[in-house]
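Position chain B against the provided structure of chain A, taking the given hints into account.
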Amino acid sequence: VEPPAEDLTLTPKMAAVIKIFLEDTQQPRYGLELMRLAGQPSGTLYPILMKFERAGWLTSGKEDIDPKAEGRPARRFYRITGSGALAAHCQLAALSEHYRPPATQRLRLAPQGSTA
Amino acid sequence: MTALAWAALGAVAALVMAALGSLINDEIRGWLDLAPRAILRLAATWLDPAQRETIYQDEWLPELCYALRDAESRPITRLIRGTAYATSLLISARRIARTERATRISRTPPQSVATSTEGVGLVHSPNLHSALIARIPAVTSRDLAEWFSRLESGPTFLRREERAHWLAEDAGISCGYAYAIVHEYELRRRLRLRGA
Numbered sequence: 001v002e003p004p005a006e007d008l009t010l011t012p013k014m015a016a017v018i019k020i021f022l023e024d025t026q027q028p029r030y031g032l033e034l035m036r037l038a039g040q041p042s043g044t045l046y047p048i049l050m051k052f053e054r055a056g057w058l059t060s061g062k063e064d065i066d067p068k069a070e071g072r073p074a075r076r077f078y079r080i081t082g083s084g085a086l087a088a089h090c091q092l093a094a095l096s097e098h099y100r101p102p103a104t105q106r107l108r109l110a111p112q113g114s115t116a
Numbered sequence: 117m118t119a120l121a122w123a124a125l126g127a128v129a130a131l132v133m134a135a136l137g138s139l140i141n142d143e144i145r146g147w148l149d150l151a152p153r154a155i156l157r158l159a160a161t162w163l164d165p166a167q168r169e170t171i172y173q174d175e176w177l178p179e180l181c182y183a184l185r186d187a188e189s190r191p192i193t194r195l196i197r198g199t200a201y202a203t204s205l206l207i208s209a210r211r212i213a214r215t216e217r218a219t220r221i222s223r224t225p226p227q228s229v230a231t232s233t234e235g236v237g238l239v240h241s242p243n244l245h246s247a248l249i250a251r252i253p254a255v256t257s258r259d260l261a262e263w264f265s266r267l268e269s270g271p272t273f274l275r276r277e278e279r280a281h282w283l284a285e286d287a288g289i290s291c292g293y294a295y296a297i298v299h300e301y302e303l304r305r306r307l308r309l310r311g312a
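For the record, the sequence lines run as chains A and B. Throughout the first sequence, residue numbering follows the working numbering, covering 1 to 116 in sequence. Throughout the second sequence, residue numbering follows the working numbering, covering 117 to 312 in sequence.
Rather than coming from a laboratory, the hints here were simulated on the basis of the structure. Careful: at least some of the hints might be erroneous.
[To be verified] Beta-carbon label-pair distances, calculated as ranges: (1) K68/A - A218/B: 35 to 41 Å; (2) T272/B - D66/A: 20 to 26 Å; (3) S246/B - G82/A: 21 to 27 Å; (4) T193/B - G61/A: 26 to 32 Å.
[Said to hold, decoys possible] Simulated coverage check for chain A against chain B, where a stretch passes if three residues somewhere in it have a Cβ under 8 Å from a Cβ of chain B: (5) 16-25; (6) 42-51; (7) 63-75; (8) 91-100.
We put the CB at the ideal spot given by N, CA and C, even for glycine.
So here's chain A without its partners, still in its complex pose (with noise of 0.2 Å):
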């Protein structure tokens, strides 16, 4: 049975990460690709990606392949579980609400040339 999801803050860095999981939720995710689809450097990757493992919202596992045959070692794949994907739908409309503009002001933009 798999774990309910502990509860995570998300920063804008995880969010970025924890999307590319929510676009195809089957599909495993290594390192460098992760790296490459969020725009983020492995020294930021991989520390969130042990927070998200830890929180139950990821699982990893090692890629099914025959290493001699292909020449290097397996790679971790990660990908997200059930609970974890409920949990970071939730997070990601908590955290689009915190930075959504008030609605009730108006954007008011100086006229081009003037001064303040």
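This is chain B only, laid out in the frame that chain A set:
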């Protein structure tokens, strides 16, 4: 020395230079791959011995090998890609080690509003749940009473997650808000039954 002898000597010298050039090329290619690996090994020295197995051997090194192999025919790309990957890890290795230790130690059963008998599910902290419930009228343009009556007139489900999924799809709201509505509905219903 005749012109013919000079020409032969020149040809031999050209052959030797070409062979040497090829050898130097191979040598440089070998070193290009070693540089990112050396940086990665250096980064791994910041990890605890136990972490080295799980982080360095299982994750960092296979990913670097894949990156280098992927750009096999492009030595400069390989060098840039491998060095960027390894250098970023070298800079953050101490932080990664700390994060790994912290997440490993602090992993305790979540304090949540969901009960353990409910099996697979999303666990909202009470604070997050309250925050979501408070935002629902503004986000969905409907108050909770309207959502509750929609749940009552909807199909019956055994599990909260199934009901939340149905509500999210039926009403076109995010799963997180749907789950919060269903959860709040169940909480109030339970309270009503206890009070009755």
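Now the hints, each set against the structure:
| no. | hint | result |
| --- | --- | --- |
| 1 | K68/A - A218/B: 35 to 41 Å | holds, 37 Å |
| 2 | T272/B - D66/A: 20 to 26 Å | violated, 49 Å |
| 3 | S246/B - G82/A: 21 to 27 Å | holds, 24 Å |
| 4 | T193/B - G61/A: 26 to 32 Å | holds, 29 Å |
| 5 | 16-25 | violated (count 0) |
| 6 | 42-51 | holds (count 7) |
| 7 | 63-75 | holds (count 6) |
| 8 | 91-100 | holds (count 5) |
When the structure is compared with the earlier hints, violations turn up for hints 2, 5 and for no others.
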